[in-house]
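Protein chains in written order, with my numbering: chain Z, 264 to 402; chain Y, 264 to 402; chain B, 264 to 402; chain L, 264 to 402; chain C, 264 to 402; chain R, 264 to 402.
These are calculated hints, taken from the structure and not from any lab test. Not one of these hints is a red herring.
Just so you know, same-sequence chains aren't split out, so a pair can sit in one copy or run between any two.
Using 30 Å as the maximum straight-line C-alpha spacing, the simulated BS3-like pairs for lysine-lysine come out as follows:
# : residue 1 : residue 2
1 : Lys319    : Lys391
2 : Lys391    : Lys295
3 : Lys319    : Lys295
Here's the letter readout for the chains.
Protein chains: 6
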Amino acid sequence: MTRLTRRYRFAASHRLHAPGLTDEVNRELYGKCNNPWGHGHNYVVEISVTGAVEPKSGQLLNVTALDDVVHREVLNDFDHRDLNRDIAAFHDVVPTSENVAVEIRRRLATAWPAGFPELAGVRLWETKRNIFELTHEEQ
Amino acid sequence: MTRLTRRYRFAASHRLHAPGLTDEVNRELYGKCNNPWGHGHNYVVEISVTGAVEPKSGQLLNVTALDDVVHREVLNDFDHRDLNRDIAAFHDVVPTSENVAVEIRRRLATAWPAGFPELAGVRLWETKRNIFELTHEEQ
Amino acid sequence: MTRLTRRYRFAASHRLHAPGLTDEVNRELYGKCNNPWGHGHNYVVEISVTGAVEPKSGQLLNVTALDDVVHREVLNDFDHRDLNRDIAAFHDVVPTSENVAVEIRRRLATAWPAGFPELAGVRLWETKRNIFELTHEEQ
Amino acid sequence: MTRLTRRYRFAASHRLHAPGLTDEVNRELYGKCNNPWGHGHNYVVEISVTGAVEPKSGQLLNVTALDDVVHREVLNDFDHRDLNRDIAAFHDVVPTSENVAVEIRRRLATAWPAGFPELAGVRLWETKRNIFELTHEEQ
Amino acid sequence: MTRLTRRYRFAASHRLHAPGLTDEVNRELYGKCNNPWGHGHNYVVEISVTGAVEPKSGQLLNVTALDDVVHREVLNDFDHRDLNRDIAAFHDVVPTSENVAVEIRRRLATAWPAGFPELAGVRLWETKRNIFELTHEEQ
Amino acid sequence: MTRLTRRYRFAASHRLHAPGLTDEVNRELYGKCNNPWGHGHNYVVEISVTGAVEPKSGQLLNVTALDDVVHREVLNDFDHRDLNRDIAAFHDVVPTSENVAVEIRRRLATAWPAGFPELAGVRLWETKRNIFELTHEEQ
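Work out the full structure: start from the sequences and follow the hints.
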């Protein structure tokens, strides 16, 4: 069995402000990430798949086919967008990177093509210092 | 003579929308960078100074003193902010990286301490692929 | 227990063309990776070993000893070579990164010195965006 | 469940010289790492935590709270220091990266705040080529 | 005046073998880069333009327009190709990175659109350690 | 004319303590870089040469020949060493990166082989954030 990880990038803005908490608690909890007008990141998202290599092609999957799914389900909506306002899932859920990773996995899992190797992991880099990971075992 | 370059990072959002142009022209000109709610980046800014090394200290300048100026004049206002709305200079100037670099240099040049070596260059990385540079000769 | 990962680099060319498939299917399957004259990459290969630290030396293994094995078994043959023509294993197996990783592991496993900690993983970066991994559990 | 990894940096010097071995064996064992006056590295240390995201905040933990612990327990003592002489743990234990990672984990585990998600991994980069990892399962 | 640098990538193979030299001299001169079947790299090419920012758009040039030129004139021909055999310019000129950079600049200069800011520099990374640069002043 | 930059790495320790200043002034001036037992870095040094490409070889210079000079004159003495104690030049000159870059250039310039293209620049990365550069024009 083999694990293939492919990296994608998107640039987006967000603001951390939990709807169920007061303004004061939000400021304390999120600090500068709660600044009223938001801020942004160059996110990196790594999608990992695992499975057996197809003997004839010598490939786990066709990367172009994976790209199609990731662009259609995630990047077209997330890249050069404001996560709070452009993504319905974040209208009432705070777009922390933990939650952004969950939403990316949910979108991929829902649209995952039959015949694709298993979706094994989603890893989101908010910055070079903060990395969030959802692994298969932890789902 | 020696040139010292020091790197800083800030995360900010922006939207490219030129106030003097119609909505349609803005969409054509900036493409997805014109998306209504904006997006964001992990910017890297490199500040370069040049001059003669001070013989006793063996240093061009004290990096902590440079950090103080860059944080006070630039990062405190730019980091985790929306450039269009949080920075007065971008209320009527479009915050392209070209203009952001100019504003960073303007702020530093205005507050540049006497006795500091010359402010020789400002380089702004919007992403790993797009790098904008103002050099001394070009000022 | 500790896991040590050490990175090596090699520059090589390859062409994806499966011998058991027609030219047309090869073109469809591999796209530009099937271009007749091949192309190349700066590959990065990460070798991971796991085990208990030897108390006297405070080391999992002597990195120089690992380097000797990796150079002798892999890099001397792979670096600055054409994988399709210079590596016998790829005369009838298509040198996708999945298969290159398997061949690297096979060579290391065959020559693995007694007394070395366990060979726990082989990870191959074809580019910064495509990463292929064989882990111990998956063997 | 989610895994958050946060990266920290420290610059330190060390010398590999095992107290229980002769000078000659030390020279053979560690090569240039045994040079009498020592050398140094820009270390990168990655701390990973795993657990369930707190639904209200959408976060696994408050990163500022993690930073406080890592600075107080590790970086304040390790950054811009000589590991052999400034860290008591290395007065009679050789400060290989394997042992440095163990000492970092020991310090964090001892001071780990109640209510924090589980300390799941410590990964230490000595250079870009040598990476040492302690995972939860391997403790 | 501002300088914008944009990075592109291409994967290609090449073999260093100067047609005007004997096989023996070629082997001595290029070492393993002369291996008969060639090898390859993930090249990075940086294109720099300089000029005055257009006040209305706040941009030096439209990056999409630059991308069109670079893809059409360079990347479509160079990416996933063998430089020696797929690029006519290298049928009788050895495709060292010095010469590859010159050919890239020649192609861009020939097709450079009127109204574009000045083509100021071409920089080619063969690997992370070898960087070749042609600057405007040096043309 | 072409400019070739080649990157080298060395791991070394140093302590910033100017012999002509009191202990108190040293502490104030250098802060934690003055810590008594020193600290260290993974330095990166970039050597740039400029000149005309030799038409037959298509190369500015033979990189192996450059490597020989840099290893013999610099890396053999600097790598895995303590700059203050192992390098005579720093017995009475403080080994700031400004001064380390000057010493590297001095060593290379002294031993520069006849027939080599011009030594055009020395750039020293102390960390990813602090970069020191000596250019030809500034000598």
